[in-house]
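Got chain A sorted already, so can you dock chain B onto it with the hints?
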Amino acid sequence: MSVDRRTALKGVGATLGAAAFARALAPLTEWTETLSADEFLQRHYKELSWDEMRAVLRRHEAKTEREYGARPTIEDVRPTPGVEFGYALNLSICIGCRKCAEACHVENNHDRSTHQSYIRVLEMSKGSLDMERGRADYDHPVPQPDKFYMPVQCQQCGNPPCVKVCPVEATWKEPDGIVVVDYDWCIGCRYCEAACPYHARRFNWRKPEVPAEEINLVQAYLSNRIRPQGVMEKCTFCLHRTRNGRLPACLEACPTGARVFGDLNDPKSEIRWVLENKRVFVLKEDLGTDPRFFYFFDE
Amino acid sequence: MRHAVSYPRFLWRAVGVATDGRLPFYAWMTFLTAVMLVGVNAWAHQVVQGMDVTGMTDHVSWGLYIANFTYLVGLAAGAVTMVIPAYVYHDHEMHDVVIVGEILAVAAIVMALVFVNVDLGRPDRFWHILPGVGRFNWPVSMLTWDVIALGGYLLLNLHITGYLIYMRFLGKPPARRWYLPFVVISIVWAVSIHTVTAFLYSGLGGRPFWNTAILAPRFIASAFVTGPAFVVLALQLVRRFTTFHVGDGALRTLVKIMRVSVLLNLFMVLSEVFTEFYSGGSHTASAKYLYFGLHGHDGLVPWIWTAIALNVVAAVLLLVSDTEKHLRWISLACVLTFVGVWIEKGMGLIVPGFIPSTLHEIVEYRPTETEWRITAGVWALGLMIFTVGLKLATSVFTGKMRHQEGA
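So the sequence lines, in the order shown, correspond to chains A and B. For the first sequence, the working numbering assigns the number 1 to the initial residue and increments by one for each residue that follows. For the second sequence, the working numbering assigns the number 1 to the initial residue and increments by one for each residue that follows.
Among the hints, erroneous ones may be present.
Some chain A residues flagged as far from chain B (calculated, every beta-carbon gap over 10 Å) [to be verified]:
#1 Asp38
#2 Leu91
#3 Gly96
#4 Ser125
#5 Gly245
#6 Ser269
#7 Glu276
To give a feel for the contact side, a few chain A residues facing chain B, derived at Cβ under 8 Å [claimed, not checked]:
#8 Gly17
#9 Leu35
#10 Leu287
The calculated EDC-like cross-link candidates involving lysine to aspartate or glutamate, where the alpha carbons are at most 20 Å apart (straight line), are [stated by the list, open to error]:
#11 A:Lys63 x A:Asp38
#12 A:Lys63 x B:Asp124
#13 B:Lys288 x B:Glu272
#14 A:Lys147 x A:Asp298
#15 A:Lys207 x B:Asp124
#16 A:Lys10 x B:Asp20
#17 A:Lys207 x B:Asp58
#18 A:Lys126 x A:Asp146
#19 A:Lys284 x B:Glu361
#20 B:Lys288 x A:Asp130
#21 A:Lys173 x A:Glu75
#22 B:Lys288 x A:Glu132
#23 A:Lys147 x B:Glu361
#24 B:Lys325 x B:Asp248
#25 A:Lys126 x B:Glu361
None of these hints come from the bench; they were simulated from the model. All of these numbers come straight from a predicted model, not from anything done at the bench. We treat Cβ as the ideally placed atom computed from N, Cα and C, and that holds for glycine.
Bound-form chain A, shown alone (with noise of 0.2 Å):
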């Protein structure tokens, strides 16, 4: 008898366990069900098919009108064969306004309450390139007199470590240069992050919020479409301007003309003029990432 009671016992609190098991996990029933079983089952970018992405981009758009009440036209821009794209920066005009972050933050469909941007402006003492003696929270009018100011973004490298150390090769880059994430294939492990020189890169700790009416609708796959909560995300030189011939969003809004982006293959760029005839140095040289984005003075 006592063996018996023994065992119904068990059952018991076996059942009790797997009934507080489930109420444990309940949260997940509402994740699960905004998740589909296409988008579990979708392929890496590179493996998708015309047919399959034209899918994929339709799911997003629609995607994006259910979750956010604005309907995007999502394409997927591929890169110019023979182009390779370059940025520089000149130091001696740009005065910190910041006025690219925040085109970037608009472009790039950012989240809003954290004001996130792929640029970070840092203000750095005269005299020095040291970043430690560098700011990048500063609130006061600019430009400070004994200052400059240096933004960084990323920095698009010949040699990335960020796409070495993603174990799922949802980081790579592409062959006009611009490193690239696939949203739909990142797992979320942010070695990446951990591995960027430049904090080029960001993680979407939660889904982005953005107001219908702020939402930027003309969107790439690989760029500026509104990324889903937990996935890393950076810079793509806005490819889904650059890549149809337009500027980055960050250039356009410089007001003093800082910026130059262009092809470096073509001789007759003017970046390639700028390589050609300033003294245009990268950051953190010595780390061996070969930047395509430099930084240059005026005399």
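Relative to chain A, chain B alone:
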């Protein structure tokens, strides 16, 4: 063919043993289940609301979870401090209890793997990292090496423990060819898991605090502290709660190993500190932040000095105490250094790697309640695996659970 009958029976009996015991056992398991449920619930909330519920930021993008992961890989690797004396040096007393170390390796690896998974922003995409199924960035990404190292080590130890226990259950002597080659591989593999885990960090040129060649040796040295420390405590509990024989010889050997490794670990910390501070420059910023605080920010200072104090006191206790006469002091030393290394290798190593950030901004990190809950839950899971494993092993090894023909 007879295994087709006896193995399911073994598993069935194992389930029985795992769920049957006296009151303290039920109390312990219920307690662990409760803690685990708290963790599971916290994790479910984290998945739904996003990692925003943690204290991590784009500046400090790894925290308590990865700290625990790193520590537990070490604990798993530390189990070889029993395997090497038992199988390489044929220490008979160690051989009798080596199963405890192997079970610890299994439990610690499971915890380490779970910690990585609770750190993922998209756990639903876990399959992307599986070789052959997803896209496995091997051999370039060190994280893929870690998947192989940890997965392989788990399988090796599951096989070794499972095989030895099953053979004992059948009352047969284990066939050397079915476990000895795996034991030899597991020794090399144990070193590899912690080396690869150190390479995860030391390979990052943009993080000067981690970018040091001493990291892997330091990890191994500290693993050889925490592994034996945990086992010394576990063996005493086994002695108290079961009839399984634990000889003093095994404890003596483990303490001997710790006497060396605890000093070696402190020596390596000292070497690191010297190089950082004597050469100076911005390279030293993280170490300054960790040990003394930087520009008024000193969140980790109490942690690291606590760790150093614990490790130094543990070292002294281990050196002056006799294993048999002062087992209490030895046990205390084990507890102290177990915690000390946890801080030093977790919060004291992972977090300062991010402070200051690569653009030299100082953003501090404090784990949130959610992180503590999930962490406690994972530890409860690990302790549960360890408890069940020990219970099964001791029941079989003391002959309480054995195969009866025709029964």
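Do the hints match the structure? See the list:
1. For A:Asp38, the shortest C-beta to C-beta distance to chain B comes to about 13 Å, beyond the 10 Å cut-off, and the non-interface label holds.
2. For A:Leu91, the non-interface assignment is confirmed: its Cβ lies about 15 Å from the closest Cβ of chain B, beyond the 10 Å cut-off.
3. For A:Gly96, the shortest C-beta to C-beta distance to chain B comes to about 15 Å, beyond the 10 Å cut-off, and the non-interface label holds.
4. The beta carbon of A:Ser125 is kept farther than 10 Å from every beta carbon of chain B, the shortest such distance being approximately 12 Å.
5. Chain B leaves A:Gly245 outside its interface by the beta-carbon criterion, the shortest separation being 32 Å against a cut-off of 10 Å.
6. No beta-carbon of chain B is positioned within 10 Å of the beta-carbon of A:Ser269; the least distance is around 29 Å.
7. Under the 10 Å C-beta cut-off, the non-interface status given to A:Glu276 relative to chain B holds; the minimum distance is some 29 Å.
8. Because the smallest distance between the Cβ of A:Gly17 and any Cβ of chain B comes to about 6 Å, under 8 Å, the interface hint for this residue holds.
9. Hint status for A:Leu35: holds, given a least beta-carbon distance of 6 Å to chain B, under 8 Å.
10. Because the beta carbon of A:Leu287 sits about 5 Å from the nearest beta carbon in chain B, less than 8 Å, this interface hint is met.
11. The suggested pairing of A:Lys63 with A:Asp38 holds, with an alpha-carbon distance near 13 Å, which does not exceed 20 Å.
12. Of the supplied pair hints, the one linking A:Lys63 and B:Asp124 holds, its CA atoms being roughly 18 Å apart against a limit of 20 Å.
13. Taken as a hint, the B:Lys288 and B:Glu272 pair is honoured in the structure, with Cα atoms around 12 Å apart against an allowance of 20 Å.
14. Of the pairs offered as hints, the one joining A:Lys147 and A:Asp298 holds, with about 16 Å between alpha carbons and a cut-off of 20 Å not exceeded.
15. A hinted pair counts as satisfied when its Cα atoms are at most 20 Å apart, and A:Lys207 with B:Asp124 qualifies at roughly 16 Å.
16. Distance hint between A:Lys10 and B:Asp20 is fulfilled; the C-alpha atoms sit about 9 Å from each other, no more than 20 Å.
17. Using a Cα cut-off of 20 Å, the hinted pair A:Lys207 and B:Asp58 holds, with the two alpha carbons roughly 15 Å apart.
18. With a C-alpha separation of about 6 Å, the suggested pairing of A:Lys126 with A:Asp146 holds against the 20 Å cut-off.
19. Distance check on the hinted pair: A:Lys284 and B:Glu361 sit about 16 Å apart at the alpha-carbon level, within 20 Å; holds.
20. This hinted pair checks out: B:Lys288 and A:Asp130 have alpha carbons roughly 17 Å apart, not beyond 20 Å.
21. Distance hint between A:Lys173 and A:Glu75 is fulfilled; the C-alpha atoms sit about 19 Å from each other, no more than 20 Å.
22. Distance hint between B:Lys288 and A:Glu132 is fulfilled; the C-alpha atoms sit about 13 Å from each other, no more than 20 Å.
23. Only pairs whose Cα atoms come within 20 Å are accepted, and A:Lys147 paired with B:Glu361 is accepted, the gap being roughly 17 Å.
24. The hinted pair formed by B:Lys325 and B:Asp248 meets the criterion: a straight-line CA distance of about 11 Å does not exceed 20 Å.
25. Between A:Lys126 and B:Glu361, the direct Cα distance comes to roughly 18 Å. Compliance with the 20 Å bound is thereby established for this hinted pair.
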